[in-house]
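As given, the protein sequences belong to chains U and W, one line each in that order. Taking full-length UniProt numbering, the leading residue of the first sequence gets 1, the next gets one more, and so forth. Taking full-length UniProt numbering, the leading residue of the second sequence gets 1, the next gets one more, and so forth.
One should not assume that every hint holds.
[As the list claims (entries may be wrong)] In silico DSSO-like pairs for lysine-lysine, Cα to Cα no more than 27 Å straight-line:
{"id": "1", "chain 1": "U", "residue 1": "Lys125", "chain 2": "W", "residue 2": "Lys5"}
{"id": "2", "chain 1": "U", "residue 1": "Lys5", "chain 2": "W", "residue 2": "Lys195"}
{"id": "3", "chain 1": "U", "residue 1": "Lys407", "chain 2": "U", "residue 2": "Lys355"}
{"id": "4", "chain 1": "W", "residue 1": "Lys76", "chain 2": "U", "residue 2": "Lys76"}
{"id": "5", "chain 1": "U", "residue 1": "Lys91", "chain 2": "W", "residue 2": "Lys130"}
[As the list claims (entries may be wrong)] Restraint ranges, calculated between C-beta atoms of paired labels, are given here:
{"id": "6", "chain 1": "W", "residue 1": "Glu70", "chain 2": "U", "residue 2": "Lys252", "range": "21 to 27 Å"}
{"id": "7", "chain 1": "W", "residue 1": "Thr422", "chain 2": "U", "residue 2": "Lys195", "range": "33 to 39 Å"}
{"id": "8", "chain 1": "U", "residue 1": "Glu44", "chain 2": "W", "residue 2": "Gln13", "range": "49 to 55 Å"}
{"id": "9", "chain 1": "W", "residue 1": "Gly315", "chain 2": "U", "residue 2": "Asn202", "range": "52 to 58 Å"}
{"id": "10", "chain 1": "U", "residue 1": "Lys252", "chain 2": "W", "residue 2": "Lys280", "range": "45 to 51 Å"}
Since the hints were made in silico from the structure, they are not lab data. The model shown is predicted, which means the values in this text are computed figures rather than measured ones. Note that beta-carbon positions come from the ideal geometry of N, C-alpha and C, so glycine has one too.
Number of protein chains: 2
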Amino acid sequence: MSISKKITLSEDQIPTHWYNIVADMTTKPLPPLHPGTKEPIGPEMLMPLFPMELIKQEVSTEKYVEIPEEVREIYKIWRPTPMFRATGLEKALDTPAKIYYKYEGVSPAGSHKPNTAVPQVYYNKMEGVKRITTETGAGQWGSALSFACGLFDIECDVYMVKVSYEGKPYRKIMMNTWGGNVFPSPSMRTEAGRKILAEDPNSPGSLGIAISEAVEMALTDESTKYALGSVLNHVLMHQTIIGEEALLQMEKAGDYPDVVIAPFGGGSNFAGIAFPFLRKNLEGTHQTRCVAVEPASCPKLTRGVFRYDLGDSVGMTPLLPMYTLGHNFVPAPIHAGGLRYHGAGAIVSQLLNDKQIEAYSIKQLECFEAGLLFARTEGIIPAPEATHAIAQVIREAEQAKAEGKEKVILFNLCGHGHFDMTSYEQYLAGNLVEHEVTQEEILDSLAQLDTPTIG
Amino acid sequence: MSISKKITLSEDQIPTHWYNIVADMTTKPLPPLHPGTKEPIGPEMLMPLFPMELIKQEVSTEKYVEIPEEVREIYKIWRPTPMFRATGLEKALDTPAKIYYKYEGVSPAGSHKPNTAVPQVYYNKMEGVKRITTETGAGQWGSALSFACGLFDIECDVYMVKVSYEGKPYRKIMMNTWGGNVFPSPSMRTEAGRKILAEDPNSPGSLGIAISEAVEMALTDESTKYALGSVLNHVLMHQTIIGEEALLQMEKAGDYPDVVIAPFGGGSNFAGIAFPFLRKNLEGTHQTRCVAVEPASCPKLTRGVFRYDLGDSVGMTPLLPMYTLGHNFVPAPIHAGGLRYHGAGAIVSQLLNDKQIEAYSIKQLECFEAGLLFARTEGIIPAPEATHAIAQVIREAEQAKAEGKEKVILFNLCGHGHFDMTSYEQYLAGNLVEHEVTQEEILDSLAQLDTPTIG
């Protein structure tokens, strides 16, 4: 083995700025609309929910935004994250492709989510916020926010989808260990929760309900703000630190990716690794394919429509331009919980509509097969979300082999699977089933939309 | 924050040699004895259990042993591991002490154990071994060996103490994911297991029984060998890569530790970080206190005796010179499962007897309190084993404050607690109880020993 397995950066190479792709987009993302009036909303409408600095970032058109010194100091706990050449996987696939991956699972919360949780909590702290509320499904985001709130000594209330709260007790305890309060949603703490429970005392909850509860708590208490782990522009921008580091690491490795691949839920993972490479595309110096991979059970990018839709089920959020399956779409209970969201963020949706990026959907058995091969050849057990990227990597590597091409592939290994062991157990026992959504289900869900169309 | 939080090394700074402290010891460790004849055994007696290269290392008196290139390549997946300045913890303690920690939880298996699992599997592979057996209690060692066997494509059979097998299902699945086979022990697969089950079909198992089963499988099949995760000389030597890196990192930080602290189970964790600093003591250039911390419920170093004892309960292993509580001692079911072993390795025992190192015991509530403070100030959730070191660090830092002294403290954060969340849950719920062993229990256990005494 003469190939360098790990490509590292020194601490002083941690990027000083996040990249705001909006500055370079030929077609800018459409504005959010008020859910009632359907008119574009101004930044001031977001003030009850977010601190001013994050609102400024949300609407910023500056190309780079400086990372505060205190945030960079905390990033140093796990950043720069390593990049690896997947020598073991390459050998197993017998492919001429060179496969690289950026590994974000080294963060204390085990995923890329702290990249945005830390600055979000920092800006809230600077503006005197005492408590932050959020929702979480699988638990990656709630863990990251609890971790960050622990470091800044801010209260953290996490509304966790009840079925996950009951099925993933370790996630809850992890959040508690960092000082986070975790409530099964729907709860009796909010108007939204009480309403749902009155209708159905046994409601298993959903991400849409949990968002409504977290948003309501922020709207009804002045010292409380709300935080979101994906979809929004500022969240995606914070994640670009992944791709900025990856650019430096690819240079160090003496390669440049022909294709960059990431799993897709709301867009933060994909944006994080892909946007800095897209900058090079947009600047005209390179041409890299940027590929988002979604589960076949929640295929908004490949089978949804591009129109305005709500971020939650209840209608407490603005209308956003997105590729969507409809805000009432309920994805099957697949194990990649972080990818079970009905819509995509505004920026990513615009880029897809403009054909600047590609999207594919893959079924979960192929993903787990890929994840297992990866664990046994590279040693790291990937989160179920991350296996979607790996499955696509294997497709690309096999195509390279068929074509006899040396292709450089880079993907984002966004997190480890330490809290997803039951998923692997079910896969190993042969108990996982496929969940491919039918065209009828999608059309049914979309038919319920009365939101503005686009173009 | 102007202090550098993380002290890293580049890949080419990974040490090329392990350090064998036996070469420098003024009193060499006593030889192992045959359990029947009580006579010293030669290396050839170990051949049914271990590959020749590991036996050579077990009895080596060379000061340094070269790390094979292929092992170093795999080490690169997670090594060099980071060292951190515990700025958050220091601030919370308001101490003049400077606290550093080496973090081994970044390995794919989440602890320091792969440092020896990888070379052990490598030497077995080189000598044509097809299957490796081992025992595991809490699961850290079984996970590490499964991980390493996965990379070298060797079969791995893990005998897991039945009560852990049932109580820690995620650990089992983790091993399965890497391809390891996991059997609850006692099992019907071995003579030893069948005997135990015939006497007590509901036996919860013990580490002693699991060792007997794993050893029996190796003794009865020529293509199968046995592997141990602590206690033995070669295992401790492999772990010295931790301290060798730490020496370089302390130099980079411009400090040198006044005290080095590690949790103590069988000795591999402590030896790993402390032996390279002890070398500097033995060479006369430095004087660092090396402190082992054991649970109050299993206090072999602080309350046991120094004499020959068996490594297992059934008597299938050689007699080793050790600080021991007696091989029939059953520690209380504390959450730091990795520290529930009745004896200490031969080298560490000799060093303690010669007053070259110090030992303290701490109760588990103080340890979990320390672990929680650490999680909330440093962001990393420590394994219950590691919290023992943190509790001692806090004692030392508070003493430094009381004395107004700037003291440099280094400890080994040997692993994360991702698979120990139920322990934190019980602590947070106030359900953890103390388990301090009585003098009577210790004397009772020691009274059963008919093994040779020392000195």
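Review point. What are the numbers of the hints that this structure violates, sorted from low to high?
Key: 2, 10
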